[in-house]
Amino acid sequence: GQNIDQPTEMTATEGAIVQINCTYQTSGFNGLFWYQQHAGEAPTFLSYNVLDGLEEKGRFSSFLSRSKGYSYLLLKELQMKDSASYLCAVRDRDYKLSFGAGTTVTVRA
Amino acid sequence: GAGVSQSPSNKVTEKGKDVELRCDPISGHTALYWYRQSLGQGLEFLIYFQGNSAPDKSGLPSDRFSAERTGGSVSTLTIQRTQQEDSAVYLCASSLDLGGAYNEQFFGPGTRLTVL
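Read top to bottom, the protein sequences are chains A and B.
With my numbering, letter number 48 in the first sequence gets 48, and the count goes up by one each step, no holes.
Just remember that my numbering sits 109 ahead of the position in the second sequence, which is counted from 1.
In isolation and in its complexed conformation, chain B is listed as follows:
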């Protein structure tokens, strides 16, 4: 695709419900990243994928958070039993590869999650 897309753009849910956030990276990008940005805060790294593999899940805030990527393309971030502190903008980014020079990350528009 032309850019990274994310859905939904906005999600309002009740505390305790599960939510699923989707990211569609730029075609051909093997690396995919999830970040969280709370109001007025910097970006908090959550997890990255190289292909379908996530080598390091230590950035996930709790075991209520999980992510998967299938077919080396679309990724889903799932938050179970949502809490109010999960309210934030969840940003996805992709890059051609992990390392190397100018391997800039292209960001999607984000999903704004509000937990009531």
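Chain A extracted, bound-state conformation:
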């Protein structure tokens, strides 16, 4: 099974940078995903990591260290619309995706 931990809440100022950490324990690792979920809406895909290192995608970057069971999502040049919940999810070798409880990011002007 999976055990996924991420902070519950984070607050940052518009234009700033925020880093959301995710640690996991898994019985079989087969990729890590980050999703964004606005209140009352379905999650939308942000990033995918399966090898160690940094994946950059515009203002969003995601990092993975498999040996440490650790990932982070970096949000740069924060905008008000980035206020949302960010979900870390780990896929196992049976293709099941286990989600963390999510980190609610609030961007303030």
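Please note that a few of the clues may not be correct.
Across the chosen pairs, the derived CB separations fall in these ranges [unchecked claim]:
#1 Asn3/A / Arg173/B: 25 to 31 angstroms
#2 Arg190/B / Thr13/A: 46 to 52 angstroms
#3 Gly58/A / Arg173/B: 40 to 46 angstroms
#4 Ser175/B / Thr23/A: 47 to 53 angstroms
#5 Ser171/B / Glu55/A: 24 to 30 angstroms
#6 Leu205/B / His38/A: 38 to 44 angstroms
#7 Thr11/A / Glu177/B: 43 to 49 angstroms
#8 Arg66/A / Val121/B: 40 to 46 angstroms
#9 Asn161/B / Ser27/A: 22 to 28 angstroms
#10 Arg66/A / Asp165/B: 21 to 27 angstroms
#11 Ala16/A / Asn119/B: 35 to 41 angstroms
#12 Asn161/B / Asp52/A: 33 to 39 angstroms
Simulated from the structure, these hints should not be mistaken for lab results.
A virtual CB, placed ideally from N, CA and C, is assigned to each residue, including glycine.
Place chain B on chain A using the hints.
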């Protein structure tokens, strides 16, 4: 279709009744997943299908829950004798295939189930 669709969007039912939730995945996606999200909680994996087959049903909360998929497309999640603790948003997702890189899951808008 353009995206994953689910129906109904909202369902209010009385305790003890059966409900049926429907998911229509993106055309061509062979993998389909069901999740449950309770208020303020993370997503709880329920079951996935590869084609019409569900290899692992261990995520279903109880034997009151069942799911099927026919024709490799539409899936139905059925909850029998609903209980108040079944109240949640039920999300369906589909992906092109199960594994592989960037096999992201596309989520539907969800069905909000309220059991009175």
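Legend entry - Hint check against the structure, violated hint numbers in rising order: Those not satisfied are hints 4, 5 and 6.
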